[in-house]
Amino acid sequence: EAALVVAQTPAVVTPVALTLSTTQDVLTGDDFTSAADTVVATSTTLTAADVMVDSTAGDGDTLTINATAAIATGTIAGIESIVINSASATNLTHNLSGVASGSVTVNMTQLAGATSVLLSNVGTVNVTAGTGFSGAADTVTVTQTEDASATVTTGTGVENLVYTATDAAAAADEVATVVSAGDLDITSTVATTLNISGTGDITLNAGSANLAGTTGTITGSAGQGLVAADADDIDASVISGFDDVTITTSTS
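Residue numbers (the working numbering): 511 to 762.
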């Protein structure tokens with residue numbers, strides 16, 4: 511006699527859509543699902559006291575922050591994608607000290623508004639300069655925390671990247687990773703190891719520190735060129751991967 515097989519339909523998990531309030535928000539496991547939940551906040555409703563922790567890894571959650579002023583990120587973990595729509599006439603500083611993991615995308619959304627943004631206290635996250643950057647004056651500044659390992663991806667409109675460290679004394683042991691989408695000017699004071707990939711030629715601006723010495727390492731990708739504006743910044747560094755390297759002799 512054949513056994514009866516009953517097909518079981520997997521339970522359908524409906525994601526939740528959450529909106530932060532002006533009072534303290536504490537969102538934890540019971541508030542999230544195992545699906546791709548969404549959270550919406552503004553620079554008014556997102557505060558340093560807010561807590562958002564989803565215990566389900568890899569479920570595709572998104573936090574969208576519509577910021578007309580500088581933000582502080584509170585405690586954020588388990589949210590895979592954080593999108594900051596930065597809309598201001600002046601350049602803003604967004605503090606990412608509370609972001610434990612995931613990816614952060616910054617879009618400049620105000621027409622004829624600010625062209626640059628500073629992201630402070632960046633930990634081990636993936637940072638992407640998204641839409642709204644469009645000119646030679648557009649600059650993304652990233653300040654990386656000690657012992658972190660961030661990856662910074664610049665969009666086609668970003669032509670300047672300033673990559674610094676929260677603790678200059680500890681920068682000698684750090685690694686900076688940059689993925690460029692076109693020609694990019696970099697000022698790096700964050701690390702002795704600078705890994706660059708993507709497309710476009712790279713100019714390492716004068717004032718880039720901590721790359722000099724026997725422990726300095728700069729790597730690029732095929733198709734990229736490197737121009738070092740001051741030889742003192744990369745004295746004795748090991749450079750590899752670029753198609754061509756141009757070093758300007760320091761006059762100091």
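Calculated from the structure, these hints are not laboratory results. On a predicted model such as this, the values are computed, not experimentally measured, just so you know. For each residue, glycine too, the CB sits at the ideal point set by N, CA and C. One or more hints might be untrue.
Between beta-carbon pairs, the in silico distance windows are [unchecked claim]:
no.	residue 1	residue 2	range
1	Asp753	Ala646	49 to 57 Å
2	Ala741	Gly570	25 to 33 Å
3	Ala545	Gly735	40 to 48 Å
4	Gly570	Asp754	40 to 48 Å
5	Val516	Ala579	53 to 61 Å
6	Ala579	Thr758	19 to 27 Å
7	Ala646	Asp754	21 to 29 Å
8	Ser750	Thr666	22 to 30 Å
9	Thr634	Val516	26 to 34 Å
10	Thr676	Thr729	19 to 27 Å
11	Asp753	Asp541	32 to 40 Å
12	Thr756	Ala527	32 to 40 Å
13	Ala527	Val737	42 to 50 Å
Tested hints:
Checking the proposed 49 to 57 Å range against Asp753 and Ala646 shows it is violated: the Cβ atoms sit about 23 Å from each other. The beta-carbon spacing between Ala741 and Gly570, approximately 47 Å, falls outside the hinted interval of 25 to 33 Å. For Ala545 and Gly735, the Cβ-Cβ distance of about 45 Å falls inside the hinted range of 40 to 48 Å, so the restraint holds. At about 41 Å, the CB distance of Gly570 to Asp754 agrees with the hint of 40 to 48 Å.
Hint check: Val516 to Ala579, Cβ distance near 57 Å, so the stated range 53 to 61 Å holds. Separation of Ala579 from Thr758 is about 40 Å and departs from the stated range, judged on CB atoms against 19 to 27 Å. Between Ala646 and Asp754 the beta carbons are some 23 Å apart, a value that agrees with the proposed interval 21 to 29 Å. Taking the beta carbon of each, Ser750 and Thr666 are about 26 Å apart, inside 22 to 30 Å as hinted.
In this structure the hint that Thr634 and Val516 lie 26 to 34 Å apart at CB is violated, the actual value being about 46 Å. Judged by the Cβ atoms, the range 19 to 27 Å given for Thr676 and Thr729 holds: they are separated by roughly 24 Å. Range check, Asp753 to Asp541: Cβ separation about 51 Å, and the 32 to 40 Å hint is violated. For the pair Thr756 and Ala527, the supplied restraint of 32 to 40 Å is violated, since their beta-carbon distance comes to about 52 Å.
Restraint check, Ala527 to Val737: a C-beta distance of roughly 48 Å satisfies the suggested window 42 to 50 Å.
Of the numbered hints stated above, those contradicted by the structure are hints 1, 2, 6, 9, 11, 12, listed in ascending order.
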